[in-house]
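Asker: In the order they appear, the protein sequences are chains E and Z. Residue numbers for the first sequence follow this note's numbering, beginning at 84 and rising by one. Residue numbers for the second sequence follow this note's numbering, beginning at 7 and rising by one.
Please keep in mind that the hints were generated in silico from the structure rather than gathered at the bench. Treat each hint with caution, since some may be false.
Stated by the list, open to error - Below are the DSBU-like pairs computed for lysine-lysine, each with C-alpha atoms no more than 35 Å apart in a straight line:
id, chain 1, residue 1, chain 2, residue 2
1, Z, Lys127, Z, Lys428
2, E, Lys129, Z, Lys342
3, E, Lys140, Z, Lys428
4, Z, Lys193, Z, Lys172
5, E, Lys129, Z, Lys80
6, E, Lys140, Z, Lys108
7, E, Lys140, Z, Lys229
8, Z, Lys80, Z, Lys311
9, Z, Lys56, Z, Lys133
10, E, Lys241, Z, Lys367
11, Z, Lys65, Z, Lys281
12, Z, Lys437, Z, Lys133
13, E, Lys241, Z, Lys108
Stated by the list, open to error - Ranges of calculated distance between the beta carbons of each label pair, as one might list FRET restraints:
id, chain 1, residue 1, chain 2, residue 2, range
14, E, Leu362, Z, Asp228, 23 to 31 Å
15, Z, Asp75, E, Asp239, 23 to 31 Å
16, E, Phe111, Z, Asn89, 17 to 25 Å
The beta-carbon is built from N, C-alpha and C at its ideal position, and this holds for glycine as well.
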Amino acid sequence: MRIKSTLENYLFVTPAVLIFSIFYIIPFIFVFRLGFYDWDGIVPLKDAVFVGLANFKEILFHDPSWWQAMRNASWITLIALTFQNALAFLLALACDREIRMKNFYRVVFFIPPVLSEIVVGMVWRFIINDIDGANMINRLLLQIGLPQLAHSWLSDPKLALNTVAIVHSWKGFGWGFLIFLAGLQTIPRELYEAARVDGAGAWHSFRKITFPMMVPVMVLVGILTVLGTMQAFVLIIGLVGGEFAGHTSVPVLRILACMRDSSRFGYACAQGISFGAILVIISFIQYRFSKERQLKKI
Amino acid sequence: MVSKRLLIGILSLFFIAGCGGSSQKESGKPTITIWHWMTDRKASFEELAKKYQEKTGIKVDFQLYAPSDVYSQKVRAAAQGQNLPDIFGILGEKRDFSSFIKAGHVLELTPYMQENNSSWKNFFFPKALEVNEFAQGNSYSVAPGIYGVPIDIMTIQMVYNKGLLKKLGLNPNRPPDTFQDLIEIGKRITDPQIQGFVSGWSELWMIDCFANNYAFNIMGKDKVLATIRGEVPYTDPDWIKVLTLFKDMADSEIITKSVITMVNKTAEQLFATDKAVFAFNGSWCVNVYQGMNPNLNYGVMLPPKASEAYPMAIWGGAGSSFIVNARSRNKEEAVKFLKWFSDRDQQAYLSEATNNLPANKNCLSQIPEVLAQFSKGMDFATHPTVWGVSEFSTVIEAFDKGIQSIILGEKTPLQVAQEVQKVKERELSRKR
Chain E
84 MRIKSTLENY
94 LFVTPAVLIF
104 SIFYIIPFIF
114 VFRLGFYDWD
124 GIVPLKDAVF
134 VGLANFKEIL
144 FHDPSWWQAM
154 RNASWITLIA
164 LTFQNALAFL
174 LALACDREIR
184 MKNFYRVVFF
194 IPPVLSEIVV
204 GMVWRFIIND
214 IDGANMINRL
224 LLQIGLPQLA
234 HSWLSDPKLA
244 LNTVAIVHSW
254 KGFGWGFLIF
264 LAGLQTIPRE
274 LYEAARVDGA
284 GAWHSFRKIT
294 FPMMVPVMVL
304 VGILTVLGTM
314 QAFVLIIGLV
324 GGEFAGHTSV
334 PVLRILACMR
344 DSSRFGYACA
354 QGISFGAILV
364 IISFIQYRFS
374 KERQLKKI
Chain Z
7 MVSKRLLIGI
17 LSLFFIAGCG
27 GSSQKESGKP
37 TITIWHWMTD
47 RKASFEELAK
57 KYQEKTGIKV
67 DFQLYAPSDV
77 YSQKVRAAAQ
87 GQNLPDIFGI
97 LGEKRDFSSF
107 IKAGHVLELT
117 PYMQENNSSW
127 KNFFFPKALE
137 VNEFAQGNSY
147 SVAPGIYGVP
157 IDIMTIQMVY
167 NKGLLKKLGL
177 NPNRPPDTFQ
187 DLIEIGKRIT
197 DPQIQGFVSG
207 WSELWMIDCF
217 ANNYAFNIMG
227 KDKVLATIRG
237 EVPYTDPDWI
247 KVLTLFKDMA
257 DSEIITKSVI
267 TMVNKTAEQL
277 FATDKAVFAF
287 NGSWCVNVYQ
297 GMNPNLNYGV
307 MLPPKASEAY
317 PMAIWGGAGS
327 SFIVNARSRN
337 KEEAVKFLKW
347 FSDRDQQAYL
357 SEATNNLPAN
367 KNCLSQIPEV
377 LAQFSKGMDF
387 ATHPTVWGVS
397 EFSTVIEAFD
407 KGIQSIILGE
417 KTPLQVAQEV
427 QKVKERELSR
437 KR
């Protein structure tokens with residue numbers, strides 16, 4: 084009877100395990116394996132040349148464009164973690180209060196994230212580009228008497244990456260806003276009432292109630308921001324057409340270039356594995372950091 | 007009970023349908039499946055397929071997969087799964103083409119081409135066929151022969167806007183003859199709304215193409231190929247001269263920094279709307295400009311020469327080619343179809359309907375004037391796929407990105423040459 088019940092359980096789990104194995108585990112193992120081969124994606128896999136750790140060594144020591152891409156992605160991520168998430172948090176705080184039209188704002192703030200990245204890229208390209216766009220920002224700056232602030236936002240190598248980061252933040256803050264808002268709404272209102280009775284002001288309530296209770300949510304938003312931003316690339320294609328002499332290159336664009344332009348599938352897989360490992364490590368560090376913080380409090 | 011019977015009934019139906027074979031067997035004639043990425047030719051291909059079915063009873067199913075990146079990945083995935091269609095095209099370098107051949111996916115067409123005193127082979131411009139050919143002793147270790155059927159040809163040249171040249175006080179029918187003339191025209195452009203020279207140089211291959219034209223002009227084919235073989239360094243003064251041309255273009259402001267964030271579609275829009283004097287583009291642009299501005303008054307020119315040492319060369323040859331799957335059960339029918347498809351009437355129809363240059367040399371008399379101008383460039387045409395040697399992709403990338411850095415004013419031509427040579431030496435040492 085017990086054996087039958089166990090078998091039944093396994094039977095129910097089998098389809099899920101199979102699907103997970105076929106679409107996640109097996110492809111991952113394949114990609115991992117390919118990272119050790121020199122393969123052009125055309126010849127049969129059995130004819131691919133085993134190169135051991137050569138691909139990984141090349142990434143680590145001989146591929147400056149990869150590390151430039153990593154630096155660029157890290158910079159965009161830093162801006163997203165600070166500017167984008169701060170904006171999202173402030174707006175969530177504002178909408179958590181009893182303000183007029185708060186539902187309207189919630190909808191408006193969530194519009195950018197649901198738009199396609201390529202559409203956002205092209206729309207912003209039209210808004211800020213000199214040549215094939217209306218360059219509304221520069222026009223506005225000229226009209227309000229600030230011509231010195233008008234720039235070639237997308238074709239100046241010193242500005243292009245920051246422009247990408249700002250547009251990315253504009254597109255992405257809505258997710259953080261929603262999660263922060265949901266987090267804020269889980270904080271019991273009685274805590275604020277009790278604090279008010281004890282004479283705590285708004286800043287004190289924020290510091291002693293809101294912020295500590297929002298730390299797990301902030302970590303979650305932080306992890307999602309890092310994972311989402313480090314992997315951004317479609318927006319960059321829409322905005323600047325690609326890597327812009329390396330100034331806007333990011334790891335996914337490098338992986339694509341290796342696969343598509345150079346037919347180096349094995350190397351691209353090694354890049355993918357390395358990149359995945361870096362993201363896992365970053366997420367793990369963030370998670371550990373938040374856990375330690377929570378333990379210290381207890 | 008009823009539902010069990012119903013289930014059995016449905017399964018039986020599927021089983022019977024599965025055993026019944028495909029529709030091709032019912033009519034006794036096979037269906038030829040063709041994969042392509044050419045969105046602009048979809049309707050014309052289907053029209054020709056209809057004609058072929060009327061003539062032979064054989065159905066030809068043209069399946070479109072676009073954009074070209076997606077198509078390229080689909081073909082590679084199908085090659086791995088050995089489920090390529092009867093006919094397909096390959097996008098990529100000659101090295102990729104050779105990999106498909108060596109993996110047994112491509113039918114050698116030489117015997118068919120040579121039948122009846124090479125009657126089929128003689129349809130084509132030799133340079134169009136060359137792209138699909140592997141010569142004796144080629145560096146790819148592919149058995150010599152013809153492996154594809156060109157369906158159109160292309161040349162990548164410069165186009166100039168006659169109206170804007172006139173506005174600049176120049177003869178609209180006399181485009182610049184030398185590179186220096188081009189630079190001088192750049193200095194005349196004062197209207198900020200008008201670009202001097204545009205091209206989709208965010209796509210690295212277009213920069214590579216332009217640079218290679220001048221490499222041939224300055225140092226000749228032999229020295230370019232010797233560089234690829236590793237016998238001449240990229241730090242050679244001739245290569246520095248090639249790289250310096252881009253610095254000169256940037257300094258004269260005939261190009262702006264934005265050219266390296268520009269996709270070719272944007273460049274085409276700017277040229278078609280009279281906002282650019284010159285553009286560097288392929289013969290496919292005739293159709294594009296026609297769609298964007300039917301009244302555009304423009305002419306075609308070779309990139310103006312920078313040196314008298316060697317003739318100017320441009321990239322040209324087969325634009326797109328079709329390949330027969332060596333594992334296809336319908337390969338004989340596929341070859342017959344391609345023979346019909348590349349014949350004069352069909353090629354003339356395609357050329358007229360899509361404004362592409364036909365690969366069949368017997369129907370050039372029926373093409374529009376601008377296209378004819380592009381076709382004249384075939385005399386100067388060359389292409390990396392016919393050089394017999396391929397540069398390392400990492401070197402090409404370093405070279406093209408280096409040119410982008412020169413245009414941005416971040417690096418000097420010498421710095422770029424040294425960096426490219428460093429990558430080249432690393433690749434050569436790895437190969438050894």
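Asker: Against this structure, judge whether each hint is valid.
Answerer: Tested hints:
Restraint check for lysine 127 of chain Z and lysine 428 of chain Z: the C-alpha separation of about 43 Å exceeds 35 Å, so the hint is violated. With a C-alpha separation of about 34 Å, the suggested pairing of lysine 129 of chain E with lysine 342 of chain Z holds against the 35 Å cut-off. Note on lysine 140 of chain E and lysine 428 of chain Z: the hinted pairing holds, with a Cα-Cα distance of about 17 Å set against a maximum of 35 Å. Only pairs whose Cα atoms come within 35 Å are accepted, and lysine 193 of chain Z paired with lysine 172 of chain Z is accepted, the gap being roughly 15 Å.
For the given pair, lysine 129 of chain E sits about 20 Å from lysine 80 of chain Z by alpha-carbon distance, which is consistent with the 35 Å threshold. At most 35 Å may separate the alpha-carbon atoms for a hinted pair to count; lysine 140 of chain E and lysine 108 of chain Z meet this at roughly 29 Å. About 33 Å separates the Cα atoms of lysine 140 of chain E and lysine 229 of chain Z, which keeps this hinted pair within 35 Å; it holds. Annotation: proposed proximity of lysine 80 of chain Z to lysine 311 of chain Z is violated, straight-line Cα distance about 40 Å (limit 35 Å).
Restraint check for lysine 56 of chain Z and lysine 133 of chain Z: the C-alpha separation of about 30 Å stays at or below 35 Å, so the hint holds. Taking the CA atoms of lysine 241 of chain E and lysine 367 of chain Z, the gap is about 50 Å. The hint is violated against a cut of 35 Å. Annotation: proposed proximity of lysine 65 of chain Z to lysine 281 of chain Z is violated, straight-line Cα distance about 46 Å (limit 35 Å). Of the pairs offered as hints, the one joining lysine 437 of chain Z and lysine 133 of chain Z holds, with about 31 Å between alpha carbons and a cut-off of 35 Å not exceeded.
Of the pairs offered as hints, the one joining lysine 241 of chain E and lysine 108 of chain Z is violated, with about 46 Å between alpha carbons and a cut-off of 35 Å exceeded. The hinted range of 23 to 31 Å is not satisfied by leucine 362 of chain E and aspartate 228 of chain Z, whose Cβ atoms lie roughly 49 Å apart. Evaluation of the 23 to 31 Å hint for aspartate 75 of chain Z and aspartate 239 of chain E yields a pass: the beta carbon distance comes to about 28 Å. Separation of phenylalanine 111 of chain E from asparagine 89 of chain Z is about 24 Å and conforms to the stated range, judged on CB atoms against 17 to 25 Å.
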